[in-house]
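Protein chains: 2
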Amino acid sequence: MFKITSESKLARCGEFKTAHGKIKTPFYMPVVTKGAGKFLTFNSLENLKTQCFISNAYLLYLKPGLETIKKANGYHNFINWQKPIFTDSGGFQLLDPEFLISLNDKGVKFRSPFSGEVHFISPEKLMENQNILGSDVAMVLDHVMGPDHNKKEFSEATTRTIAWAKRCLDSHKNKNQKVFGIVQGGTYKDLRKECALAINDMGFDGLAIGGLAIGEEKDKMYKAIDYSLEYLDKDKIKYLMGVGSPEDLVKSIGKGVDCFDSIYPTKMARHGVIFTRNGVLKIGKSYNAHIFKPIEKECDCYACKHHTIAYLHHLYRLDEAAAKILLSEHNVRFMHRLVEDARKAIEEGKYEQFQKKFLKDYLKNK
Amino acid sequence: MFKITSESKLARCGEFKTAHGKIKTPFYMPVVTKGAGKFLTFNSLENLKTQCFISNAYLLYLKPGLETIKKANGYHNFINWQKPIFTDSGGFQLLDPEFLISLNDKGVKFRSPFSGEVHFISPEKLMENQNILGSDVAMVLDHVMGPDHNKKEFSEATTRTIAWAKRCLDSHKNKNQKVFGIVQGGTYKDLRKECALAINDMGFDGLAIGGLAIGEEKDKMYKAIDYSLEYLDKDKIKYLMGVGSPEDLVKSIGKGVDCFDSIYPTKMARHGVIFTRNGVLKIGKSYNAHIFKPIEKECDCYACKHHTIAYLHHLYRLDEAAAKILLSEHNVRFMHRLVEDARKAIEEGKYEQFQKKFLKDYLKNK
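If you read the sequences in order, they're chains G and R.
Count along the first sequence from 1, then add 1027; that gives the number in the working numbering.
Count along the second sequence from 1, then add 1027; that gives the number in the working numbering.
List of simulated lysine to any residue pairs, SDA-like, C-alpha gap at most 25 Å:
(1) G:Lys1320 to R:Leu1089
(2) R:Lys1061 to G:Ala1348
(3) G:Lys1065 to R:Val1300
(4) G:Lys1110 to R:Ala1348
(5) R:Lys1090 to G:Val1300
(6) G:Lys1110 to R:Asn1070
(7) G:Lys1320 to R:Lys1090
(8) G:Lys1324 to R:Gly1101
(9) G:Lys1320 to R:Gly1092
(10) R:Lys1332 to G:Glu1073
(11) R:Lys1332 to G:Gln1109
(12) R:Lys1076 to G:Asn1107
(13) R:Lys1309 to G:Asn1070
(14) G:Lys1320 to R:Asn1104
(15) R:Lys1061 to G:Met1295
(16) R:Lys1320 to G:Gln1109
(17) G:Lys1332 to R:Asn1104
In short, the hints are calculated from the structure, not lab data.
Take these sequences, add in the hints, and give me the full structure.
Structure, rendered in structure tokens:
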């Protein structure tokens, strides 16, 4: 199901086979939380050559709800996207005090952001929901915690995450759907090790590293990735959840990570922070008003092929929705092009040089 | 420059030649006020087969400003749209008390909605601005007044509109840019006649009917159109400004109108009012949640080709930008398809039947 096709030191290229086709790894997934990307239609995602995206099983369970999904013959048909889809447990929502009511070993009690209604999700219930959604990859329920907790709390959350992972796997019956386990443990070396060893042994189709890029320091994040990766089977696909920025992707691919999702590229785009190989471009700055060249001449997104920085600056300053559309498209396409180039570098056995050059160019103005 | 190619009673098909190519008439122009449609990129407009749109010369003069437009070699190049563009004087803005400071025979003093700065526009200055913008069709400065004024005020505004039209024409030098005169006169038969006769005699490239669809009663609007058309040369292209709804287009084409612009289709789309040949569909209504068929199976917009009413309902209820994009695209494409079908009916000499059938189907649930 996952086949490594090239390696360049720890970085690797591969193919990940799902019920809706193969994904070339490494890859970046845009976030399509509730059935559409923010300011991105599926028309955009097709044009951007998106291979796969991730949706939120919690929120889809609430809206449109599983009855609608069943009537539509699954989530793929409801949204009419016939390529691979991941669904996340929504563990990330546990960080939101408006959402989380309480949590114990049985599962999670939470409040619908749409209706205020109270719902309960157990590991078994979550797997059943994802089974009905029919995503290609279902993530287990995990206990995500922000960095402002003590070690005892992280230890309990890790123990719970391990127990929930086992229950998710045991209750999962759908042969067409892969299941990924998630390593938690905050930034603690021993907890990451404990969790990674336990999750690794359970026989998941893929292995995810979660609970990062949520406020911890950057160097601690990288160490936590290392602590986790060390105990995970090399041959399994590795997914670093919620990460992130172009430099994070490039560095993590260098460590052997294969898969990423993040709202960062689209969120930045909506705030006028535009990715280029020579660092970020702040489109709203006045000095862009008379720059009559594209954001990146090498980029094949609509904005780069058809528009100048001056025009996009004009739209952004006027807060036109078209700016958010065009700039979100660019940043997503930037991420896809980045992993496409990373794959090429790995195939040529030159990933280290690629990483070095990318980071030098991208961070030179920082 | 305008050639009538087919007629079906008063309705007619033709070709209107501009510096950026021919436009098939009748046609509908989406509104691209400040350099982008609302939730519509030029990528969308191209896909929707938009022939031409209208932008606002007042607002473009303020932002990005004429210096930027000059540096970009004109508005077409600034936005990179190489097909015909109309620019409106912005007479419509005179209805906005936030915008208009004062007005007399010399011109208009108004406040920038961006900076609060005060600007003065004379007929001559407006033509110079539109000349710099380089639009294919420049509209004259006219005195637009809402229906809550008395006849004396309308009479003065009509006299002013006529005087301004003459000054616009006299100061216009750009051979590549067509100039359209505008008939005002509220809903008064004698004022419309006076204005139409005067404007008609000046030798404009096209003749517009303005000051309608701004709050007056529907039957008064139709009468005012008739009062104006009666005194305008049959052979000249006729533009009904700011109108409007699908039924208004169909009825007005039946009277001999060739050209329309309106924000109505996109504004309605953003409010969930979706055009179909069988009347409007209110996408937000709960009964749409399980309708797994397209808005219109005959429509070739992305939403109709790829998505169901149920999916669009879901996005709309979640207030996703993707809903506004997809539904705006549909309503604009609906307008373009409507005039395409109108042209076909005129060519076949069957416009009357087309109009009758369209209105029967479109209004049957009203």
